[in-house]
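Given only the sequences and the hints, what does the whole structure look like? Please build it.
Chain by chain, the residues:
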Amino acid sequence: MSKKGCCNSVGECFFDYYTSKILVIRSRKVGTLNRFTQALVIAYVVGYVCVLKKGYQDTDTVLSSVTTKVKGIALTNTTELGERIWDVADYIIPPQEDGSFFVLTNMIITPNQTQSKCAENPTPASICTSHRDCKRGFNDARGDGVQTGRCVNYNDTVKTCEVLSWCPLEKIVEPPNPPLLADAENFTVLIKNNIRYPKFNFNKRNILPNINSSYLTQCVFSRKTDPDCPIFRLKDIVEEAEEDFQTMAVHGGVMGVQIRWDCDLDMPQSWCVPRYTFRRLDNKDPENNVAPGYNFRFAKYYKDSDGTETRTLIKGYGIRFDVLVFGQAGKFNIIPTLLNIGAGLALLGLVNVICDWIVLTIMTRKHHYKEQKYTYVDDFGLLSNEET
Amino acid sequence: MSKKGCCNSVGECFFDYYTSKILVIRSRKVGTLNRFTQALVIAYVVGYVCVLKKGYQDTDTVLSSVTTKVKGIALTNTTELGERIWDVADYIIPPQEDGSFFVLTNMIITPNQTQSKCAENPTPASICTSHRDCKRGFNDARGDGVQTGRCVNYNDTVKTCEVLSWCPLEKIVEPPNPPLLADAENFTVLIKNNIRYPKFNFNKRNILPNINSSYLTQCVFSRKTDPDCPIFRLKDIVEEAEEDFQTMAVHGGVMGVQIRWDCDLDMPQSWCVPRYTFRRLDNKDPENNVAPGYNFRFAKYYKDSDGTETRTLIKGYGIRFDVLVFGQAGKFNIIPTLLNIGAGLALLGLVNVICDWIVLTIMTRKHHYKEQKYTYVDDFGLLSNEET
Amino acid sequence: MSKKGCCNSVGECFFDYYTSKILVIRSRKVGTLNRFTQALVIAYVVGYVCVLKKGYQDTDTVLSSVTTKVKGIALTNTTELGERIWDVADYIIPPQEDGSFFVLTNMIITPNQTQSKCAENPTPASICTSHRDCKRGFNDARGDGVQTGRCVNYNDTVKTCEVLSWCPLEKIVEPPNPPLLADAENFTVLIKNNIRYPKFNFNKRNILPNINSSYLTQCVFSRKTDPDCPIFRLKDIVEEAEEDFQTMAVHGGVMGVQIRWDCDLDMPQSWCVPRYTFRRLDNKDPENNVAPGYNFRFAKYYKDSDGTETRTLIKGYGIRFDVLVFGQAGKFNIIPTLLNIGAGLALLGLVNVICDWIVLTIMTRKHHYKEQKYTYVDDFGLLSNEET
Chain X
0 MSKKGCCNSV GECFFDYYTS KILVIRSRKV GTLNRFTQAL VIAYVVGYVC VLKKGYQDTD
60 TVLSSVTTKV KGIALTNTTE LGERIWDVAD YIIPPQEDGS FFVLTNMIIT PNQTQSKCAE
120 NPTPASICTS HRDCKRGFND ARGDGVQTGR CVNYNDTVKT CEVLSWCPLE KIVEPPNPPL
180 LADAENFTVL IKNNIRYPKF NFNKRNILPN INSSYLTQCV FSRKTDPDCP IFRLKDIVEE
240 AEEDFQTMAV HGGVMGVQIR WDCDLDMPQS WCVPRYTFRR LDNKDPENNV APGYNFRFAK
300 YYKDSDGTET RTLIKGYGIR FDVLVFGQAG KFNIIPTLLN IGAGLALLGL VNVICDWIVL
360 TIMTRKHHYK EQKYTYVDDF GLLSNEET
Chain F
0 MSKKGCCNSV GECFFDYYTS KILVIRSRKV GTLNRFTQAL VIAYVVGYVC VLKKGYQDTD
60 TVLSSVTTKV KGIALTNTTE LGERIWDVAD YIIPPQEDGS FFVLTNMIIT PNQTQSKCAE
120 NPTPASICTS HRDCKRGFND ARGDGVQTGR CVNYNDTVKT CEVLSWCPLE KIVEPPNPPL
180 LADAENFTVL IKNNIRYPKF NFNKRNILPN INSSYLTQCV FSRKTDPDCP IFRLKDIVEE
240 AEEDFQTMAV HGGVMGVQIR WDCDLDMPQS WCVPRYTFRR LDNKDPENNV APGYNFRFAK
300 YYKDSDGTET RTLIKGYGIR FDVLVFGQAG KFNIIPTLLN IGAGLALLGL VNVICDWIVL
360 TIMTRKHHYK EQKYTYVDDF GLLSNEET
Chain E
0 MSKKGCCNSV GECFFDYYTS KILVIRSRKV GTLNRFTQAL VIAYVVGYVC VLKKGYQDTD
60 TVLSSVTTKV KGIALTNTTE LGERIWDVAD YIIPPQEDGS FFVLTNMIIT PNQTQSKCAE
120 NPTPASICTS HRDCKRGFND ARGDGVQTGR CVNYNDTVKT CEVLSWCPLE KIVEPPNPPL
180 LADAENFTVL IKNNIRYPKF NFNKRNILPN INSSYLTQCV FSRKTDPDCP IFRLKDIVEE
240 AEEDFQTMAV HGGVMGVQIR WDCDLDMPQS WCVPRYTFRR LDNKDPENNV APGYNFRFAK
300 YYKDSDGTET RTLIKGYGIR FDVLVFGQAG KFNIIPTLLN IGAGLALLGL VNVICDWIVL
360 TIMTRKHHYK EQKYTYVDDF GLLSNEET
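Going down the list, the sequences are from chains X, F and E.
Numbering that gives the first Met the number 0 numbers the first residue of the first sequence as 0 and each following residue consecutively.
Numbering that gives the first Met the number 0 numbers the first residue of the second sequence as 0 and each following residue consecutively.
Numbering that gives the first Met the number 0 numbers the first residue of the third sequence as 0 and each following residue consecutively.
Note: identical chains are not told apart, hence a pair may lie in one copy or across any two.
Here are the simulated DMTMM-like cross-link-like pairs (lysine to aspartate or glutamate), alpha carbons at most 25 Å apart as the crow flies:
1. K70 x E308
2. K223 x E242
3. K70 x D139
4. K283 x D225
5. K299 x E82
6. K223 x D261
7. K68 x D139
8. K234 x E173
9. K198 x E239
10. K116 x D132
11. K116 x D89
12. K68 x E239
13. K170 x D132
14. K70 x D243
15. K116 x D182
16. K68 x E169
17. K68 x D235
18. K116 x E79
19. K70 x E238
20. K53 x D263
21. K68 x E173
The hints are simulated quantities; they were obtained by calculation from the structure and are not laboratory data.
Remember, it's a predicted structure, so these values are computed and weren't measured experimentally.
Next comes the structure, spelled out in structure tokens:
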């Protein structure tokens, strides 16, 4: 293949065409094996790599933006608050986020807290008998406030260290079961997702072009009947992940709404559609877990008429829905195509190595073939085609 | 290339060098074609794959963190609120987010809501003539509260079902046009972006090293005059995306601020700079859309002197700016380099196959060449170099 | 290798096996060089590409969800507020976010603001001597309100333009040093991370299966003693990034908690564990910076007894912790394996080209070898094996 050391003038050499001298072995056995192995390699390169795995394509990962909008009303009836309505402004915290939304389903409310001193909740660390058991300024990371150094009555039977904190303290109790906002399972969420594949300059939205606005105002996602509707009932999301909404709503949890955009951009653009799946992300197994479920504390602050700041502390349990968008686009590109073709050609060379080995070691006429194939020469002159 | 079945002692075999016997065809036509096709392949591998598409590089995707800080004051004058100033604490909701920020531009305010009973807003589902039309406990997902079962006067002419809800209800009206916070177009946002390519241990910030702090305190991004300034006027962002800020501000929308970091880390680090583009992410076409624009409801909670909780409900319309950071870094790596070189060598082998075919089927002296190239042998003995 | 132009019937051709005729040169020098270069190529393909760089694997990037939960109490004592406790509901803003959390460490509080008119803070732009210096309706983006057109006393010595704004205005002062919530360094954060590699259908959590819940309730992450504990002390996070917490807490900053999941899915699943590193993301260098540190303004809104809205403005400085999850999984796949093997085979072909060149240009018996290797033929008939 090279023009090395061939002739006097480079000009003459340059146009020489070098081709290997070939020995043609007419044998059905070897020929069949050869063609069969070649067919395997070609079927692998063309069929598997190109057609099935799209090895001729360049790929890009998705760039995504998500907005969500929840709708629904929940009714609760408790001794502290009476009959009460909860709407979007009450149960979505914070009111807007990028790509994620939290729905309050249960809570422990501690109203009318003020900065003052009161007895700690009874725990092994806080129970005391005299002032000597309490250290002024001590701040236990798992406690509720900073100790004042006094040991006071928590109730008739127990004494605990007094703390400076938002008093009255939140009680250490389990959240209500059934959950307070049990109606949350009927809430619906509209998910709008805009994706882009920057390398291929391709944009698309999950509200497909064939859907009109009158359909959108009343549809609800259903895998069988309405697979393109971007409005989901929370109960359906949780059930598809094989969870029970009311059970999950007691302590809260984290649900993943996975939107997968795998698109072949050599095909029509209308084939590029999102696929929705749902998965529970937090671990509900209590054995290998700490702080199971999902909750966080937030407060509403007020000022009373004499200017004292009070707050209502809410330990809110609920389900956080994370919208996870992922996917890959592929489009024909000459580089991966020729890379795979090149590798395939090299593998065809390997087929020859294998067939040569069979011809020269296993076949009955192997000596004959060797005579024809090999010419020996050494540092001291031409040898015959026979081995020494 | 292999030492299969060659000689008695492996030691002798091992140092044998196998090279193909070559037929050199001196033909200008074939030679020219051969060199031309080889040159094509080499130009493709070296020029296109290596130089243009940087096939010799390994790649990594960007890991990013973004902080934003908006500045600006808006003045409104309405009958309900009078003349009023809105600053950052009033219009950025929530006050801080990771990689995204929402600017309130318009709103419908319903002040002094309390938990009580009142007549539903008139819709086909809520209009009634007698108590029988209303069902106690009925909770329509698209309604405003839970029905009490009574049919009451909404106004002098219409009767609707009474609901338990936050009353007075929010009116079903279009948001103000022109938008309330029209001044928002002059707000500026400082975007700080820190990126990292973990595979190459490379960090960089979008505030480039050559920029000093006195420039930064007064510059505003402009593609022609200040392309490195990380402070953007909201109106400019929206205009570059070919939208009108005031139109968009009425119902809100979602803007993407795309920061692209495509870096060749074989080049000086100062060449690795961010490229800013802006794009509208939400769909403004009302035909194929539901809930166009971008809005959400939030509330401010108060307690009056007798402890009753009241709230001000705000349906806030505005523009959410998503900062989308993406990009790819490349750096020389031996593996993709040799992969592409190897594939290129295999393609050169394909050139030989094509030239062989031309020589042995098209050229006038093809029989002559065949005689020289091929030696036939079959299972029964050596054939001549002539075909049988 | 091809069956082009070989015989009369395709059927006969198809089973012909084509193999190159080989010249075997018995020379220790050439043979050694040949085997040595082949060994290099094979060592590269097998050792470097396959074993070290896992070139036989297909890869996938991680899909991640993160929840965080901070614990801790801080005590402050200021003249304005007196002795006061700050708990999670007070210092985490907003109360919940996806993958990121902000901890307030310092602040400038401006209580009891109402919408009214007052003198601007003195700056070169706002200082005036008479009403003519102030323009009614002027809204300076860097100012605090909208000018009324009057020049009023700021204090005994200075006059500034009057503005409509939330008055009294926030003072232009440096934040307190030492920071108010200095106790924040002892807060702990529980980070729960759920990852998925969609291509390989592989899920894992950062709370590893071997850890039980009693360990989790009291452990704190330590690189030497407790590397698997998902509870981190904020001070430790900052110190590992070679920063000082108290210094950083004055003006705030942004810390990255990097969780790296590089997994070889051909190995046991228990080998796939997260690696935690910590990095400061914001630029602390004041020279090449604007608005150093990290702060934002938020407000608490109140209504006094006559219905007037008041607010407390808080310029909050603090540390935002961004949890950045990244990583790559690899699993055996036939395509990259055969791609690399194919490229390796082609490189072995290059070895032959180099050895041929050495044999035919450098070796003493090069003429002899050339005679054996090359057969010349041209357009006008067979030439001898000698060059013309």
